[in-house]
Structure formats: structure tokens, C-alpha cells
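J.: Fit chain B to the known structure of chain A by using the hints.
If you're matching them up, the sequences are chains A and B in order.
Each residue of the first sequence is one higher than the last, beginning at 1 in the working numbering.
Each residue of the second sequence is one higher than the last, beginning at 1 in the working numbering.
Worth double-checking, as some hints may not be accurate.
Each pair of labels, with its calculated beta carbon distance range [to be verified]: (1) ALA119(A) / ALA121(B): 42 to 52 Å; (2) PRO91(B) / ARG156(A): 27 to 37 Å; (3) HIS111(A) / PHE131(B): 17 to 27 Å; (4) ALA211(A) / ALA121(B): 16 to 26 Å; (5) ALA100(B) / ARG154(A): 40 to 50 Å; (6) LEU70(B) / ARG147(A): 35 to 45 Å.
Treat the hints as calculated values from the structure; they're not laboratory data.
None of these values were measured; they are calculated from a predicted model.
The beta carbon of each residue, even a glycine, is placed where N, CA and C say it ideally should be.
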Amino acid sequence: MRRALRLFLPLTAVAATLVTAMVAAPPSFRLPGPMPIEDAVATMQNTAVIVSLLAIWMFAAVGLTLLSGREIRYSSIEMRASALHCFALGLVAVTSFVLTAIVFSYLIPYHVGVPLLFALGVFAILTKIYGTIAVFHAVGTLVAGTRTREQLARRRWLRGDLAMVVVGVIVLGGLRLIPIVGPIIWALASVFGIGTAMATKFGRREPWFLAWRAVES
Amino acid sequence: MNDPTVQDACQRYLEDPEADPRHVETCAECRALSEALAAKADVDLTPISLDALPLAPWEGSSHRAWPLVLGAAAIVVAIALALCDAAGLSPLHVAESSLASIDARRGLLRSASDWLRGAPAMWQAAFGLAFVVVNTLLVVLLRRAPKGIDA
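The shape of chain A in the complex, shown without the other chains (with noise of 0.2 Å):
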């Protein structure tokens, strides 16, 4: 019971979302009827971008967690105990990504800007990256976690760090797919990723500044 509410209480929010969106929409945002050939080949140009992109990102998840699992799995822990933080912190790394870029854009011309530049945007797409899969993680536990022992016991492959990544890859892959709220709903998980990867330090679980103490006579 409390696993098909699971699975199905996730399912109905978004087709909830999905109805009230259609109702309360704008005329203009309503279908008007058939679709132009256009159109149709433009969504589902847009449709195959979308699942190659999510075939790469899930041999870049399950690559990640073969090569470090227990990093993804504390980021992961840390975003559910405390999404509110991993969210705020995303938001505060994501706009200071964007203020930075702009500062080193505007020392483009005095040659130091290109490889401060170079280096901000290798950190942001390693950040995002790593993040993105932490929330894979997390997505998955959520959906298809064990949550006792006998459970555990009984599962010959849903279970591990690897099969909670690719449901997670599979949930947010497929949620990626609906139009309008897709996008919206992949970008909440990229800010949450940010947020996750920034607080836990790549899952290092590390202060990133060093704590002064006075030296004690």
C-alpha cells in the first residue's frame, strides 16, 4: 500500500498539474487543433534531442557512482535531510556563477578574464554535473527505496546505489519529457544538484574554509 502510494501520489500531482495547467491555460496556449507538419517534426526533433541527451547523462550517472558511489551517496543523504539549504545554497551558487561570468567577461580585455572564464565554466558544468547525478540519486531513493531490512533482503536488483541512480535518471528523464513543466522541473533539480554538490563538497564532506582559532598561550 504505502508503495504504490509511493509511486502513484507523484504520478497524480503531475497529472493534476498537467490538467489544471490545460484548464486554467490561455486560449492561445490551448492546441488549436491538428498540428502543422512543422510543428510535429520540430516536437519530435525536440523529442529526440531530449532522450539522447538523457542517454548520455545516464552513462554519465552510472560512471559517476562506479567510480565514486559513497560521494554521490552522502550528497544525496544531505540533500533530503536538508533540502531547504541545498535549495537556497543552489540559487545563491547558481546567480554568483552568473555575477562572476560577468565580471570576468568584462576582463576579457585585459587577458586575464579568458582563463579565470575557462575555469568558472569548467567548475559550473562539473558542479552541475555532479549534482545532477546526486539528485538522480536522491529521486530514486525517494521513488524506489528500501526502507527495512526484509526489504532489502527480497530485492534482487532494485536495490544499490548503481539502480537507484538510473530510476532516478528514468523519473526525471521521463518528467523531462512533459512540456512546459519538463523544463521547469529539470531546472529546480539542477539548482538543488548545484546546491547538493556545493554543500557537501563533491560529497568530500569538507569545510571549504579553513576554521581560525587564536593560538592558545
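T.: Then chain B, alone, in the frame of chain A:
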């Protein structure tokens, strides 16, 4: 306690409490002694049932469900290839579209920095202030220790 068999049992219990843990239930003297030691060492004597404890996040986490992983990856790749074929796209086009989105962001960044360079001094000062405030807030938020495992 004067009974030699009882004394032997007490001696055996004191030497190895794990060998006969039930002895403490029948012998008041040994029970008092172990309770006093436990109180001194601040140890809870009640037995712990492993099944009653909540499942730790690391339990079973190293299991690698290859059939699930390979199956899911194969299905996603097959759907992606089928959709690309139906839409007349090549995998190269997918990479190009990703690079195009990066280019678009780079263009936005360049136009923002151009705008900042030509903006009045007041706007530049406001931008500088926002930059300092946001990064200070980031440092403040980063100073909080993660609590996930201890939560």
C-alpha cells in the same frame, strides 16, 4: 554466594560475560555489579535488536544491479536512436544542438558584459555591490557543516 557452584558460575561470568549472558538474570550480586559498572561507564544494558534499528543508507548500497542498469540503458538508447531516425537527426546534430545552447549562453554573457561596460557609473556600482553581497552570502552558506548523516 557461599555455594561453590554459584561461586564458580559468578567467576565464569566475571571472566567472560558473553559466555553465559543469562547468569546475570539469576544472580542478584552479579546483576548489581554489572549495573554499577554500566552506570559508571554510561552504557545502556538493554539488548539491541538489529532489526529494530532504522536501515542505514549504506546497507546494500554496494550492490550492482547490472541487469537493471544494462536493460534501462539499452531501452533508453534504443528509444533515442529510433526517435533520431524518425526525426531525421544524426547523433552529431544532438551534439551540435548542445553546443548551440552553450553558444547562446556565451552570447548572452558577452552582451551583459558589453552593457555593463557602457552602463553609467551608478549601475556599475550597483552591480559591484550585488556581486559582493551574493558572494558573501555564498561564503556564509558554505560555512555551514553538512548534517546529512547525523540528521
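J.: Now look at each hint and say whether the structure bears it out.
T.: Here is how each hint holds up against the structure:
1. ALA119(A) / ALA121(B): 42 to 52 Å: Check failed, 29 Å falls outside 42 to 52 Å.
2. PRO91(B) / ARG156(A): 27 to 37 Å: The hinted range 27 to 37 Å holds for PRO91(B) and ARG156(A), with Cβ atoms some 34 Å apart.
3. HIS111(A) / PHE131(B): 17 to 27 Å: 21 Å, holds
4. ALA211(A) / ALA121(B): 16 to 26 Å: 39 Å Cβ-Cβ, so the 16 to 26 Å window is violated.
5. ALA100(B) / ARG154(A): 40 to 50 Å: This hint holds: roughly 47 Å between Cβ atoms.
6. LEU70(B) / ARG147(A): 35 to 45 Å: 26 Å, violated
Of the hints listed earlier, those the structure fails to meet are numbers 1, 4, 6, in rising order.
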